[in-house]
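Start from the sequences and build out the full structure, keeping to the hints where you can.
Here are the chains, one letter per residue:
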Amino acid sequence: MRSGRWILSAAALALLAWLVHRHDALGSGPRWTQQQIEQKMVESAQAMRTNVQGWNVAATAAFQEDYLRLLNRSKPEWGEAIAPLTYLAEARQPKGPARVRARFTPGGRLIEWECISCGRLAREAVPPASVLSLLADGRDSEFNLKESSEGDSYWRWVWAPGEQTGLPLEARVTLDGGRVRKAVLNLPLRDSQREALRPSWYRLWSVTRVTAEVFGVLALIAAGLIIAWRMMGRRDIWRLAAGLALLTAAVFLTALAVEGWSWHTGEVLRDAGTRSRGSWVSRFLLIQPWRWVLAACAGLLVLEASQARKWIGFGHAFLRWKLCRRTGEELLSGLAWGPLLALPAYLLAGVCGPVWGELSPRLPFEANPVWAALPRTLGLAADLILFYGFIWPVAHRWVAGRRARAVVLASAGTLLFAGMGHHLPLSAWGGVSTGLLTGVVSWLVFRQAGMMGLLGSWIGAAAAGALAWLAAAPGMHAAAAGLSLASAAGIAAGAGYLSSLPSRTEDADLESELLRRNQAAGDVLGERVRLQAEFSEARQAQQGMLPSRVPAIHGFSVAAACRPAREVGGDLYDFLSFPDGTTGFCVADVSGKGMPAALYMTMTKGLLASAQNSAGELKPLVEALNGPLQEAGRRRTFVTLALARLDPDSAEVELVRAGHNPPLWRRAAQDECVYLMPKGTGLGLANRQIFARTLEAERVVMAPGDALLLYSDGLTEAMNARQEQFGEDRLAGIVRQSDGLDAEGLMKRILDAVDEFVGGAEAHDDLTLVVVRYGEQRGK
Amino acid sequence: MTPVRIDAPGGLAGGLENTAGGFSTLLSVVFVIYSLRLFRQRLREGEIPWVRLWLLVATFGLAGGLFVGLATRSGAGASILAGLGTAIVYGIGGLFVAAAYASAEGEIREGWPGKLTSLDALLSGRWFTRPVGESAIAAAACAAWLFLLSSLAWRIMPTSAALLVDDELIRVALGKLVWLRSLLSLPVGLSYLIVAGLFMPLAFVHRRRWRNWRVWMVLAGCPLLVEAGSRDFSLSGGGPVMTTLTTAAALLVPFYLKDVLAALLGALLLTALHTAASIAAFAPAQAGSQMAMIGVITAGLAPMFWSAWRGGEVEEAEVRPQYARNLAQRLSLRAEVSAAREAQLRLIPSAVPPLGGLSASVCCYPAGLVGGDFYDFFRAPDDRVVFFVASGGGMGLTSALTIALAKGFLANEIRQGVRAEEALGRLVAMLSEQVGSAAERTGFLLLAVDPQTGVATAARRGAYPVVWTLSRGGAKRRDLASATTFQVDAGESIVVHTEGLVSLLEDQSSTGQEEWFQRLASKCAGRSAAQADAILRQRLGGRKQKRFRRLTRDLTILYLQRAAL
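If you're matching them up, the sequences are chains A and B in order. Residues 1 to 780 (our numbering) are what the first sequence spells out, left to right. Residues 1 to 565 (our numbering) are what the second sequence spells out, left to right.
Among the clues, some could well be false.
[To be verified] Heads up, simulated DMTMM-like pairs for lysine to aspartate or glutamate below, C-alpha to C-alpha not over 25 Å straight-line:
hint	chain 1	residue 1	chain 2	residue 2
1	A	Lys40	A	Asp137
2	B	Lys115	B	Glu422
3	A	Lys182	A	Glu170
4	B	Lys476	A	Glu163
5	B	Lys115	B	Glu315
6	A	Lys322	B	Glu515
7	A	Lys322	B	Glu514
8	A	Lys146	A	Glu163
9	A	Lys40	A	Glu163
10	B	Lys476	B	Glu514
11	A	Lys679	A	Asp713
12	B	Lys476	A	Asp509
13	B	Lys115	A	Asp507
14	A	Lys619	A	Glu696
15	A	Lys40	A	Glu147
Hints in this document: simulated from the structure, not taken from any laboratory. Note that this is a predicted model, so its numbers are computed, not measured.
And the structure:
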């Protein structure tokens, strides 16, 4: 398949050369070489008594469609003077402002001569009659003088036979102190005459062109809006933009380096001085690149899975700035497709004879076929990138249904390639057909070689054009054409080398990365939603850190609850299983609320979880917690903790209290509630010595019916709307009245009472409660 | 009344007008782009004041359409059509202005709390409340003083001969209902002035978090430029300049003294006074129509003045619209997260402990406000330092909680002499039971390096953190699944990183990472730990702020170098 493509490419190249040659032989006469044009320029200047020896001469060719139609229609006698193809040459004074511009027919007749900024140039005067004779090629007797100004500075003659036939051929000469400033033989067709010459489809073509221009501009605006909307923190977009801009700059700088300023002279000449060099350079360097930069960047931002594969080689080159095997393969493949991409216009023109005469064969007549053509064909590259890099992914993303998508893409592609293609010979249906053919070929390129292939095909098309030109007119710009081909060959060799490299870069990685970045850009949640989700997750995680079930201790019932005031809280309860078979009950409260408190709470939980494995006495265990918490809290955050260890056999409870609320011991037999208050300061507040010195352990023995309550200040300090606290007395009262309830029942009654007391007031602090009841009691 | 002197445009006046107009246009373009970016963010947060936005578009469109329609003198049908067309054009312009308003309003709520309360009250139907009345009085007082100031300037400044315009010419220029047309011109100009001259600059300085002279440059410069861009400087003398200055002041002074509503009303009143004075000066016969316009405005504001005395109080929360509640909730959540970040930073050690023959540097950048990444140094019973690095897996708060638990657990385990591998095993078992999926996505690494022998022992759970060794020969990624012990020769370095480093790389594939570390190894070869650390940070993207912005995952990097012999 690969060799087949190359064979096809070679065949396309041969056909292209033949077609260009065939077109060339169609009546435009033999091509001039650069040297011939320069020679003609010197001769014409001598005739005008101006010495341009040693001046820099640049040349170009220009085409006039109306004249071609006129020739086809009437074959006027002076047809050669109004030839559709003319050669323009410009000589520039090496160290001065003077310029001489001359235009010749392919037969060598001078039809326009102008000396610009020649005020200080030493020249000789020339009689106007001899200038007319030069322009009229010796048939000056057929011209009647129509106008001459005061001081004999302006002369105008009209060709007499033309006045009867309606062909307003005229000669004009402008003198400056007797020296020729401007002399021109031209055919000033009126607009109505031009309209009459134009075929019926011309209006349709104009509408198509305007529609395509508008479409292109709208597409670029859409691309700009997509970039503004979706490009948030996308560094890869900048890399892509910079890469494409650099590529454009490289093309122009190379053109400048090889050909000097003359590469764009054709452009300047064609516009007859209305544009400066600077404006052309800025147009090509500053404005033109933005078309494909915008398109490619926006396309990248809307890329979906079905299209990402087409961007791999391109992505390696322009997103990662890496030249790898895939890039080389795609580039090489694109280069092979180049001649086929260049072919459709000429093929159509060659095959459809009747259309041929109506086409404006711009490409082979361009000024400099090679380095001038390459920057100009950036238009083709920009159209390709605009269509395949932007419109294509946009259609795949937002147009549902294969058929609808195909219709949209076919219409957009035809319009774009037919209407915007200055690089193609266009005219109405011929242009539309050419657009379609270009679309089909470029689609094949895109399908097979992706975005990088399109760039390769652009280079291939330019090189193919150069080769065809060489075949058709070997003497014209041969050196530049050779350089162009050598460059293309160099690029092909480089691509071939890359293709031979082992595949070191993971293509799948890039593909998934492109998609991931797009998805991340598209799915960015609002900060509020994201934070809410984060808090929700954190709450779940924190709740998960609390014991999922209470320990089963024979003869005892245990219940626990924790209600954070916010999403997450700084309270903690835990059950510890000590190696000696005893069970620990712990309630801790971190200073502060919310997430900061939750962080210290979980750290305390981690410390406790590790400490329980090696603990003997409670006091050293709690002392061991103090160091890390003091270090982490840096005296700004501390933890209060109540830790009780129950020996189920003896019902003895060992209790330490590090600055925490005093645990409540319900002594059922004595019908009293006792708040146990062993000494101790909060964890993280004091250094090891002070903490150890102040910490005390207390032991009590529970009797059947007794209950032990460990709780945080969120319980006793719960406030109602009147800012009253629930209080320890109210807690003790409820416990006293709940002797018949097991731990679960007691806890529920306390929480219900708190809820009732608080009413609708907002919770100010986390609330935690652990209840241990001795003896089998009933539930509520 | 303001005297009018008309000179031929040009000279300094023409240059000033052109310059001001050019800069004003440029400023508008910049603000359009900037406001679109803000709008997108507000839209995502559900903080777009849609009702106000469409109200502004409608006002802009209707006032603009009527403004032009009233002046069209060619038949009723043509007037309606012209008005409709202009309304659409003005409506589109209004869309940009409204989008800018919608995006900047939230910024003012964030940066200047309370400055929108009276406007909220007014727009929620609580017209006759004390804040609304006070704003109206403040606006009227400012406008009056500023008008007096500009009128004095017109009187005092030297001027040339005046040119009076006859009544017919005014009618040609402004239509028949001159007072109405003057009134209709106010909403369009005023909306643009207040959005481009006050809202957008406030949003800009709030976003930039500037706290210095630049704030005042922007806040004073923008309204001046916006006003100057639309002002006719063909009249010579200091009058137009003073009018420009006072109009800009009519925005800023009431805003700072009172609030947004005061600024809006202040600018409205002063602009109306300026317009009336100018037209009356050009065409004395129109003085009555201009008085009518002032009368209409005053009649509209009179009840508000009364409400400053008798109106009821209003709390911000009562009149706060829903989208502003979303904003308040977001700010509250953000404040909570900021506090958490502060707390989390306190959990991170403030300095690297002495490490004998090793030198180390470590940094931790969260991708969000609170990161899931963490590092610590644990001291083992044999006095070795064990490096602990945790990768949060991009889970933010949940990761932070999980890692705080891990820190507490592992600190105690290592202190008690438990082997790293064993301690990690216990931790993961506990986390799996208690935290679930968060534990699976969180990675832990315990790394100890013997400075004497260079033997490094590492234990890891999860795909991250990743360990690389850098030497002159290149970089090597350590596969900790197969070997937990490896040799670090003198002068060699260890780099431990979390997922954030990968998110900073352009090529995030394994090949890309490999290449990046190979280049890092070649750059760091033979360098001191401090130099290598600087190179590492430089390669990660220069300045800290720049790195911070680009991160999509939390980043922790531990750079450890064994001293050369």
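Right, here's what the structure says about each hint:
| no. | hint | in the structure |
| --- | --- | --- |
| 1 | A:Lys40 to A:Asp137 | holds (15 Å) |
| 2 | B:Lys115 to B:Glu422 | violated (59 Å) |
| 3 | A:Lys182 to A:Glu170 | holds (14 Å) |
| 4 | B:Lys476 to A:Glu163 | violated (90 Å) |
| 5 | B:Lys115 to B:Glu315 | holds (12 Å) |
| 6 | A:Lys322 to B:Glu515 | holds (12 Å) |
| 7 | A:Lys322 to B:Glu514 | holds (14 Å) |
| 8 | A:Lys146 to A:Glu163 | holds (12 Å) |
| 9 | A:Lys40 to A:Glu163 | violated (31 Å) |
| 10 | B:Lys476 to B:Glu514 | holds (8 Å) |
| 11 | A:Lys679 to A:Asp713 | holds (17 Å) |
| 12 | B:Lys476 to A:Asp509 | holds (21 Å) |
| 13 | B:Lys115 to A:Asp507 | violated (54 Å) |
| 14 | A:Lys619 to A:Glu696 | holds (7 Å) |
| 15 | A:Lys40 to A:Glu147 | violated (29 Å) |
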